[in-house]
Amino acid sequence: MENLAFIIRVILFKGILAPFVKIILGVKFRYDEKPSFDKSKIIVANHSSHVDAIAILCSLSIRDLKRVHPVVARDYFYRNSVTKVFAKLCLNSVAVSRDRQFENPLHQCEKLLEKGHSLIIFPEGTRGSSDEMKEFKKGVSILLKKYPDVEFVPAFCEGFGRILPKGQWLILPSNSSLKIGKSKRVDQELEINDITSFIRKSILDLKF
Amino acid sequence: MTQSISELTGFTSLFSEIIIGIYALLVMFTLIFIPWEKMKPSKGMHEIVLRVYSWWAILILATVMFLLPGTIALILIILLTYISLREFLTKLSVTNHFRSTLFFVYLAIPIQYYLAKNGTTYSFNSFIPVYMFFLIPIVNILNGEYEKYLEFNGKVFWATMLIVYGFSNITFLIHQGEIRGYIGEQNLLILLIVFLTQINDVLQFLWGKTIGKHKLSPTISPNKTIEGFLGGAITLSALSFSLSSYLPFDSSLEAAGFGFLLSVFGLLGDLNMSAVKRDLGVKDMDDLIPGHGGILDRLDSLSFTLPFTVHYLLLRGYL
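Chains as they are written, first to last, in the working numbering: chain A, 25 to 232; chain B, 49 to 367.
In case anyone wonders, no lab produced these hints; they're calculated from the structure. There's no promise every hint is true.
Cross-link-like lysine-lysine pairs, in silico, PhoX-like; alpha carbons within 20 Å at most [to be verified]:
(1) K139/B with K46/A
(2) K139/B with K52/A
(3) K225/A with K208/A
(4) K52/A with K331/B
(5) K231/A with K158/A
(6) K139/B with K196/B
(7) K231/A with K139/B
(8) K158/A with K190/A
Working from the sequences, and respecting the hints, build out all of it.
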């Protein structure tokens, strides 16, 4: 089952979605450094459209499709069985609940990081507008403080909000790019709030 | 040699002769310009060498296109048109409005190519100029928005005309270009139009570099000179004259006149794209081909010479 899902993901992302995103939507991929996921890492990006998660997954190598998991909202993606199967099988995602239903909403994420897997987190929590970045939630910072060996990869999604704005269904090409920065480690001395603003700044630095 | 190539590829013998000639010319260019740039590097020379590389890419791509079965070549042309239109539309800030209209604009590509292949000459020539001209505002009206209405209609219609209508002329010529006395040689006509248009760019550039003094269009493209244009146009007329047995025209003199007009429209197409880029405030339309810009940057002159050719043939009664 695990392997079947992996094969589906490879066909989906490498065979269909990567050409679609590059040729039809015209998204440009820019790397300061190709991140390696041999050790656990957290990709942190701004979020303005569903396409940005797909673009980040398209930028990964085949091997990494097995060990990189986007973190999705339980209430949104697990709302019915179709989206649930899609989120689990195709996105290889891990769900967190936004409404503090559980004691430790990051429990699943921690388990994956301990296994040496990596995560994709959109700390804005929900899709924002493409022009402005919302305040970040603290989850990433808590994880990065708890696991000092885990580096984070800042990624900036530019113009994706215009491809598929929130609440619309029509996908159209736009002048958009995905910029992936160098992996960074956070200073363990910092407070959670300072880590959050450090991450936020690293992402915004990629804008220019 | 031409015969064995014809047998191998299924090209007509006239087509094989021309394509061998073009490859020979490009080999010559490569052997002249690349050592020249190595010995005396300059910005203009660097530009030419980059162009030589992209011609190799274009020529090999074109050869492959002519070798492929018609349907696959058609799909590739449609894809290239789509990428060009996308390059253009995503540069416009107005395209953040009226998203649903844009969907119909992209939809115009397959419809136009269908008409170019199977439709009548009338439907091919009126779908975008007339029907899309009204369809774009109609969809906008139904959306009930008026902000940037005029700007959107104008810019988007213009992009559709220039790119979708312009490039679909290739497909029209291939599938419906049955010219008397020239049956089965449509591929040759396309090859020659593309070749003459590209060589015109080079000729105008070379004449301009050697004897150019008076600027032709200082505001839009400061490098273009009147001498360059005249030299290029006269040389292209001579070239068309000498190639007249490969062209569909009744007389060699007409071929020469066609060559002159082609040179004029090539220059206008080039200046047109420069003006567009200046107005948009971009240097290149895209960076698809590293160092060479996007597809539209390479096809600037062709966006004028292709419709010109079809309409010349129609007006003179060849089609």
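Status of the hints after comparison with the structure:
no.: 1; hint: K139/B with K46/A; result: holds, 16 Å
no.: 2; hint: K139/B with K52/A; result: holds, 14 Å
no.: 3; hint: K225/A with K208/A; result: holds, 12 Å
no.: 4; hint: K52/A with K331/B; result: holds, 17 Å
no.: 5; hint: K231/A with K158/A; result: holds, 15 Å
no.: 6; hint: K139/B with K196/B; result: holds, 16 Å
no.: 7; hint: K231/A with K139/B; result: holds, 18 Å
no.: 8; hint: K158/A with K190/A; result: holds, 14 Å
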